[in-house]
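Protein chains in written order, with our numbering: chain A, 1 to 210; chain B, 1 to 210; chain C, 1 to 210.
Just so you know, not all the hints are guaranteed correct.
No copy is singled out in the list; a pair is fine if it fits within one copy or between any two copies.
Said to hold, decoys possible - Capping the alpha-carbon separation at 20 Å, the derived lysine to any residue pairs in SDA-like fashion look like this: (1) Lys202 with Leu83; (2) Lys197 with Trp34; (3) Lys202 with Arg29; (4) Lys197 with Ile100; (5) Lys197 with Arg207; (6) Lys202 with Trp34; (7) Lys202 with Cys142; (8) Lys202 with Leu78; (9) Lys197 with Leu95; (10) Lys197 with Thr31; (11) Lys202 with Val86; (12) Lys202 with Arg85; (13) Lys197 with Asp208; (14) Lys202 with Arg150; (15) Lys202 with Ala84.
Simulated from the structure, these hints should not be mistaken for laboratory data.
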Amino acid sequence: MINADAVLHILAFVAYVAEAMTAALAAGRRTMDWVGVALLGGVTALGGGSLRDVLLGHYPLSWVERPYLLGLTGGAALLTIALARVVHHFRLMFLVLDAIGLVVFSILGCNVATALGEPVVIVVVAGMITGCAGGVLRDVLCNDVPLLFRSELYASVSVVTSVLYVGGHALGIAHAVVTLVAFAVGLTFRLLAIRFKWEMPKFVYDRDLH
Amino acid sequence: MINADAVLHILAFVAYVAEAMTAALAAGRRTMDWVGVALLGGVTALGGGSLRDVLLGHYPLSWVERPYLLGLTGGAALLTIALARVVHHFRLMFLVLDAIGLVVFSILGCNVATALGEPVVIVVVAGMITGCAGGVLRDVLCNDVPLLFRSELYASVSVVTSVLYVGGHALGIAHAVVTLVAFAVGLTFRLLAIRFKWEMPKFVYDRDLH
Amino acid sequence: MINADAVLHILAFVAYVAEAMTAALAAGRRTMDWVGVALLGGVTALGGGSLRDVLLGHYPLSWVERPYLLGLTGGAALLTIALARVVHHFRLMFLVLDAIGLVVFSILGCNVATALGEPVVIVVVAGMITGCAGGVLRDVLCNDVPLLFRSELYASVSVVTSVLYVGGHALGIAHAVVTLVAFAVGLTFRLLAIRFKWEMPKFVYDRDLH
Numbered sequence: 001m002i003n004a005d006a007v008l009h010i011l012a013f014v015a016y017v018a019e020a021m022t023a024a025l026a027a028g029r030r031t032m033d034w035v036g037v038a039l040l041g042g043v044t045a046l047g048g049g050s051l052r053d054v055l056l057g058h059y060p061l062s063w064v065e066r067p068y069l070l071g072l073t074g075g076a077a078l079l080t081i082a083l084a085r086v087v088h089h090f091r092l093m094f095l096v097l098d099a100i101g102l103v104v105f106s107i108l109g110c111n112v113a114t115a116l117g118e119p120v121v122i123v124v125v126a127g128m129i130t131g132c133a134g135g136v137l138r139d140v141l142c143n144d145v146p147l148l149f150r151s152e153l154y155a156s157v158s159v160v161t162s163v164l165y166v167g168g169h170a171l172g173i174a175h176a177v178v179t180l181v182a183f184a185v186g187l188t189f190r191l192l193a194i195r196f197k198w199e200m201p202k203f204v205y206d207r208d209l210h
Numbered sequence: 001m002i003n004a005d006a007v008l009h010i011l012a013f014v015a016y017v018a019e020a021m022t023a024a025l026a027a028g029r030r031t032m033d034w035v036g037v038a039l040l041g042g043v044t045a046l047g048g049g050s051l052r053d054v055l056l057g058h059y060p061l062s063w064v065e066r067p068y069l070l071g072l073t074g075g076a077a078l079l080t081i082a083l084a085r086v087v088h089h090f091r092l093m094f095l096v097l098d099a100i101g102l103v104v105f106s107i108l109g110c111n112v113a114t115a116l117g118e119p120v121v122i123v124v125v126a127g128m129i130t131g132c133a134g135g136v137l138r139d140v141l142c143n144d145v146p147l148l149f150r151s152e153l154y155a156s157v158s159v160v161t162s163v164l165y166v167g168g169h170a171l172g173i174a175h176a177v178v179t180l181v182a183f184a185v186g187l188t189f190r191l192l193a194i195r196f197k198w199e200m201p202k203f204v205y206d207r208d209l210h
Numbered sequence: 001m002i003n004a005d006a007v008l009h010i011l012a013f014v015a016y017v018a019e020a021m022t023a024a025l026a027a028g029r030r031t032m033d034w035v036g037v038a039l040l041g042g043v044t045a046l047g048g049g050s051l052r053d054v055l056l057g058h059y060p061l062s063w064v065e066r067p068y069l070l071g072l073t074g075g076a077a078l079l080t081i082a083l084a085r086v087v088h089h090f091r092l093m094f095l096v097l098d099a100i101g102l103v104v105f106s107i108l109g110c111n112v113a114t115a116l117g118e119p120v121v122i123v124v125v126a127g128m129i130t131g132c133a134g135g136v137l138r139d140v141l142c143n144d145v146p147l148l149f150r151s152e153l154y155a156s157v158s159v160v161t162s163v164l165y166v167g168g169h170a171l172g173i174a175h176a177v178v179t180l181v182a183f184a185v186g187l188t189f190r191l192l193a194i195r196f197k198w199e200m201p202k203f204v205y206d207r208d209l210h
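Based on the sequences and whatever the hints tell you, model everything.
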């Protein structure tokens, strides 16, 4: 039988590269310089896992233990500059890779928190932080209101993936099956959400308290 | 005699709810979706204490130890959506609750740092971070210059409360008395500052160094 | 022979003051109040080292161990308000002090990470975070896209300084010599970059993926 964790760790590289490349495009929209592109790529791809580890007190952080991750993510961001003229032809591929990144990071975040013995609620939150917080850092550094808070079922996909993963284990289902189902459902959910432009309802409030 | 710490911990729930609800209104002003409202509520209400704990290396964080805090704050933020049409009728109540939150969080922050054996300056800083940093995170995520840096005696109230609390203990005054006085003076100071629109002087500088 | 580390630690005070004062000017451009000026000064001057320590799990943070740093940086920021009318006469001095700050913080960051036994890549990254992250926090709190990501050879200077420092030690060159060379080259590089307006190439991308 295929080792689910080995597949996940290979997909994690896809996730790192995908997040760094979409961050590079965001950097380009802000006319950042090449150093800024590499930094934003690294912060976005590694920021979610780093925030999770800092909040849980889980040291060393992944990129401190494996510094090649800095080269991988910074390099992927710089490569995006070279590919910028053709990137829009691969729009669909980018969206799929980014969705894989979201789902894989969520599952890996759950993995880490489970190994730390955290309660299930915190495991789900760790999955969500790992999947989503990198993009929040990217948007804050680009001086945008985080996309996560405004539109698309991004956080919801992460929560659904994490809940399936945690719930499946709680029910005693085999690890490989749980991982596969959480991955497949999360990815499908995300792609359907993009395809059909599913959105959460918005909250509009326009008064001042003061 | 009434147990001051027990009262404080009850008031802390008021503080969590008040901070989450004011954050929800800020989210509504940015047209965030429901997930964003819940996230911003949780980050605002729990962010100050989390930042303090990360900076002091004090693990586990409060919401990791008591995950129901995530439900409480996220739930309070979502409830605000339902109440949005009537919220402005309770404007005064909100301001009072928010002031209670500021003062209570400041005192609780001092408590934590004292228990860690930090020097008095750091205890006061811990009080200020706990009381104020959640609002800074809220404003950064809403893409605003933090209100804390711009207006109102918000940080000052937190410092006065914390100094009274630390100073009272240093003078050997009974814990319950110190807590009550710090709470009462801090709350009064904040409400007077709102009522009479007290502000710190502003610093205006409009040249570039480069 | 002069003790290189003693000189560095004296220059570190120059660096703290310089970073706090330039942050105060940024606060003035945003019309912050005096509390905001002091807070932004402290966060900018101490933020880089604090972020490095949090990411490496290195406790206690510098200002927790030496609380007078809070007074030094907050005080320097407040002093800037009094000096605001004459500050532009010292424009050149400010740029030199800021450059000294960047280089000294980078070297001190490398020092800390080396003492923690981190691999060389992480030592260089620690130097860069210590030198540059304070300015990123300043810009985020001022609601700007970080200058670090947009222009000037700021991060590059930090990396060159850190690489020289790490490389020199790897080659077994005497500590004092390595420190002096890294300092002199880094400072010269930064001042030349300002003088001749050296910039990294920019990445411009103006399509949306969605």
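field: Hints breached by this structure
entry: Hints that this structure does not satisfy do not exist here, as all of them hold.
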